[in-house]
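So the sequences go chain by chain: X and U.
Going left to right, the first sequence walks through residues 1457 to 1509 as this note's numbering numbers them.
Going left to right, the second sequence walks through residues 72 to 529 as this note's numbering numbers them.
Heads up, none of these hints are tricks.
Only some residues are given here: those of chain X computed to face chain U with a beta carbon under 10 Å:
no., residue
1, T1468
2, I1478
3, A1488
4, L1495
5, R1496
6, A1499
Partial selection, computed: residues in chain U whose CB lies under 7 Å from chain X:
no., residue
7, V371
8, A382
9, A386
10, A398
11, I401
12, L406
13, A413
14, A414
To be clear, the hints were calculated from the coordinates, so they are not data collected in a lab.
Cβ coordinates follow ideal geometry from the N, Cα and C atoms, glycine included.
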Amino acid sequence: MPDPAPLSDQDTLAAALAELGIAPPPAEVAAALPAALSLRETARRLRAEAGDD
Amino acid sequence: MTDPLDTPLAEQALALRQGALTAPALMQAALDRIAARDPGIGAVAYLDAGGAMQAAEAAQAALDAGEAVGPLHGLPLGVKDIVDVAGQPGTFGSASVDPVPAARDAEAVARLRAAGAIPLAKLVTYEFALTGPAWDQPHPPARNPWNGAHITGGSSSGSAAAVAGGLLRGAVGTDTGGSIRSPAAYCGVTGLKPTRGLVPAEGAFPLSPHLDCVGPLAATPAEAALLLEVMAGRPVTERLGQDPTGLRIGYARGWLEDAAAHPALLPALDDAVGLLSRLGMPVVLADLPPYAPYEEAASVILQAEALEVHAPRLAQHYDRYGRDARANLISGALLTPEDLAAARQVAKGLTAAMDAALAPFDVLICATTLGPALPFSAFEGGAVWTPMRTFPFNLTGHPAISVPCGLAEGLPLGLQIIGRPGEEARLCQIAQAFFEASLPLAPPLPPMPPRGQDSGAP
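Bound conformation, chain U alone (with noise of 0.2 Å):
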C-alpha cells in the first residue's frame, strides 16, 4: 500500500474524506517520516508533534461528524522560520532572536489553517532569510536529499529540504531574490512565487517589502497550486489538466548564455523545450532586455530595505546577528533615500520592458539558477554568490514558478516559468504538464520500515 504521505495533497485530503485515512494517521506518517529521515537532512527547526496530533484527532472528530470542511482539512504542512505560527516559536534561523511562541499566525498560515491545514513543523531558514547556509545559526543549514554535502539553496532551505525529502508534501515559503523558486530548483521541488501582493506578508519577518513575496513549496505544481489558492483567496487549480496546446512560450535562452552556467544547463532547457513542443506549445526565443540592470536595481532596493529593516535590532543585537548576515547588511550603509528612489523608479522602466518582452507569448521560460546545488565546501570561507535568474521578477512582480527539470551531477536543475501578473493558473497549467511529462525524479532516500514496524503507527 502506498504511504498516504507519497500522495498529492488533493488525494490525501480525498481519502481523508471518504474514510479511507484518517488525520491522526496521516499525520503519524509525517511524525515517522520525520523521525526517520530529518537527522540526515536537518529540515525542521521546531517541530509540534503534540499540538499537531492534537489538531489531527480534532480534524477527524469533524470528519466524523460530518461537517463541512475545507480544501486541507486535515493535511500537515511545514512553515519557514520567518513566518509566525501562532504558538511556535521563531527563531528566524539567528542567534540575534530569543524565541517566543508567535500571538498568532501569519496571515498566509492563518488561511492555511481556516482550510483545515495543520502547521506540524517550522522549518530551516537562512538567517533572516539574508545570504547563505552559516553554521553560527540557531540550526544548522538543511542538507539537499539528493545529496547531503550540497546545500539546499535558499533562504527556503527547509521547506525545499522537507518537501524533497518526503517529510512533507508542501510548506509555506518566502521569495526576497529567488528564496522559494531557487531552492526548489536545487532540491528538485517545485516553488512558486507569486505575483507581488497576491499572498498578504503580514506576519512573515520582512527583508525587503518592496520585493517579499509569501508562496508555496511543494512536491508537484498541482500540489503548489492549491496552497496558493488557499493562500491567495482566489482560483488557481482552475486550467489543471486543461490541454495547453497553442499555449506560445517565449525562450529566454540569451539570459543563459553566461560563462557561470554550468555545461549541462543549457542542454537540459533545451530539452524542455523540446518537451513542452511536443506538448503542443510552439516555443520561440524571446528576446528579452539586459539581464544585469534587473539584478542591480534589485540589489539596491534589496540592500537599502533591508538595512532599513534590521538597523534598530542591528544596533542592539549586533554581535549576535551571524558573521555573513553582519557583513551583508552593513554594505547597504552607503546608499541614500535618493538612492533608493532612483533604483524603484528605474525599476518601473524596467518592468514595462519585461512586459513588452512578454507580451508576445503566454509565459517565458528560463532556468530558475544556473547550475546545480554547490557543496558546503564552498561556503567554508563564507558567503558565495550562487548565479540565478529568479531576482528580476521580484523587482517586476511577475509570477514565476519552478519545476525540476533534469539534472547535473546527479543534482537537480529547475525550469522557471514566467507570467503576467494575476496568471499563476495559467504557470501552474503549464508547469504541471510539463512535470507530468518529464521522467520522474527522485533523491536517493533511504526507504521506510514497513508500516508496523516502525513508531507503532496505525
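Pulled out of the complex, with its shape left as it was, chain X reads as follows (with noise of 0.2 Å):
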C-alpha cells in the first residue's frame, strides 16, 4: 500500500474544524486559510520564543 498523499493546508484547516464539528463549505475554508497559516506560524515563533519547540 503506498502511503497516503499529505493533507494539503486547506484539507488540514478543514479537519480542525470537523474535529469541532463545524464544517464551512470550501469556499470559505479556502478563503480562510491564509489567515489561519499566519496564525500558526506566529503561534510556532511564540513557542519557539517560550522555549517549547
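Once you've looked at the hints, go ahead and assemble the two chains, each given alone in its own frame, into the complex.
Structure follows, in C-alpha cells:
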C-alpha cells in the first residue's frame, strides 16, 4: 500500500474544524486559510520563544 | 436653560437630589434625544422606554420620600448588547441568536442598578464583539455622529455613538483588544478599560476570557471614573480635580512612527504632550519594548479562546453567523492548546517588560488608534484591520483610558493614557485635567427642538 498523500493545508484546516463539528463550505475554508496559516506561523514562533520547541 | 443631558452625570445626580430636576423629566429628555437623533445614528438595539420611565418614577418617589439614594440614582445609561440586562432581550449583534429577555443583570449592570442607574437601552455591537461593521447582523452598524459616512469603531460601537450623539452621558462597553477605547477615540468620547479583573465579567458574553474587560464609555473622564467606581466597587474618583503637577509621563512616540499612521497623528500627539507639559507634568520619551510581539501574542490568545467559546454554537448555527464573524472564528482552528499555553507564557514576559518600561513614570501615553475612523466604503469587501495601539494592554492587563485629542479630516483622534494595575484614579485625574484644558470638541449634531415644542416633555 502506498503512503496516503499528505493533507493539503486546506484539508488540514477543514479537518481541524470537522473535529469541532464545524463544516464550512470549502470556499470559506479556502478564504480563511491565509489568516489561519499566518496565525499558526505566529504561534510557532511564540512556542519557540517560550522554549516549547 | 441647559438641557440636563448636556450636564455631567454628577451634576444630574445633584440636581435630582436637590429637586432642581425630576427623574421622569431626565428620562424623558433621554427618550426625546433618542427619538430625535438615533434614526441618524443607529446606536440603539433595544429601547425599554416603558420600563425605564417606570423606574424613573420609582426613583422620583424615593427622592420625594427622602430615602437614601445611590450616586447614580435616577440616571439613564446604556449597555452594550453583549452584556445582560434583566428583562431586556440581547441579540449579541448576531442573527444566530434568538433574542430572549435576560433572566438577570450582568454583575456590572447589577452594581450600576444598585447605585440607582436606570438601564434604558441596549446598544449596538459588532457581532459577538468580533471583526467590524457588517450588514448581515440584526442591526446595521452604528454611524459616527461626526460623519455618518464613517464607522464608529467597535465593538462597543453603539455605546460610543450614543455618548457622542448626546443620547446618553454614559454606557457600558467591553474591551478585548480595544473595543472600548478605539470607538471612544473614533467618536470623540472617553473610554476606560480597567485593570484586568477589576470589573467582574459575569453576564458579559465572552470573546477571550484572558483578555476581556468590562468598563465604561462616557462624555468625560470624570464621568467614566464615576461609572467605574460603581462597576468596580472601589474608589476611582478620589483624585479628580487634584493638581497633577509633577506627575511623570512617558511618551511612547516610537510606537506611532508607523507607515500606517495618519499624517495628522504625530502632530496631534505632540500637541497633547505640549498641553500636558503646560499642566505641570514633565513628559519624556519612553523606551517601550517593540510593539509587534504584543499584538502577535494577543492575537493567538484571542483567536484560540474565541473559537473555543464559539465552537459549540458555530457547529449548530454556522450559517446564521455573519460572513466576517465566521471567517474570523474559523481562522483559529489550526491553533493547538500548546500554542495557547505558549502565548500565555510569552505574555508574562511581555507584561514584565511593560512594567519595567512604565517603572520610571506615573503613566505612559500613546495614541489610541493610528488615524481617524475609516469610511464605511472601506469595508465593502469585508473586514479591514484598523491600526490601533490598544491590544498590548489587554495582554498585559494594565488599565488604559482614551480621551479626545484633536481632529484629522474633521474626525476625532484619541490620546491613550496607560497606568499601573489598579491606578485608574490616577489615569482619570490626568485624563480629566487634559480634557478640561483641551479645546472643546463637539460633533455637528442637529439641535434639539426647544423644550415644550417636542414630544411633550416637561
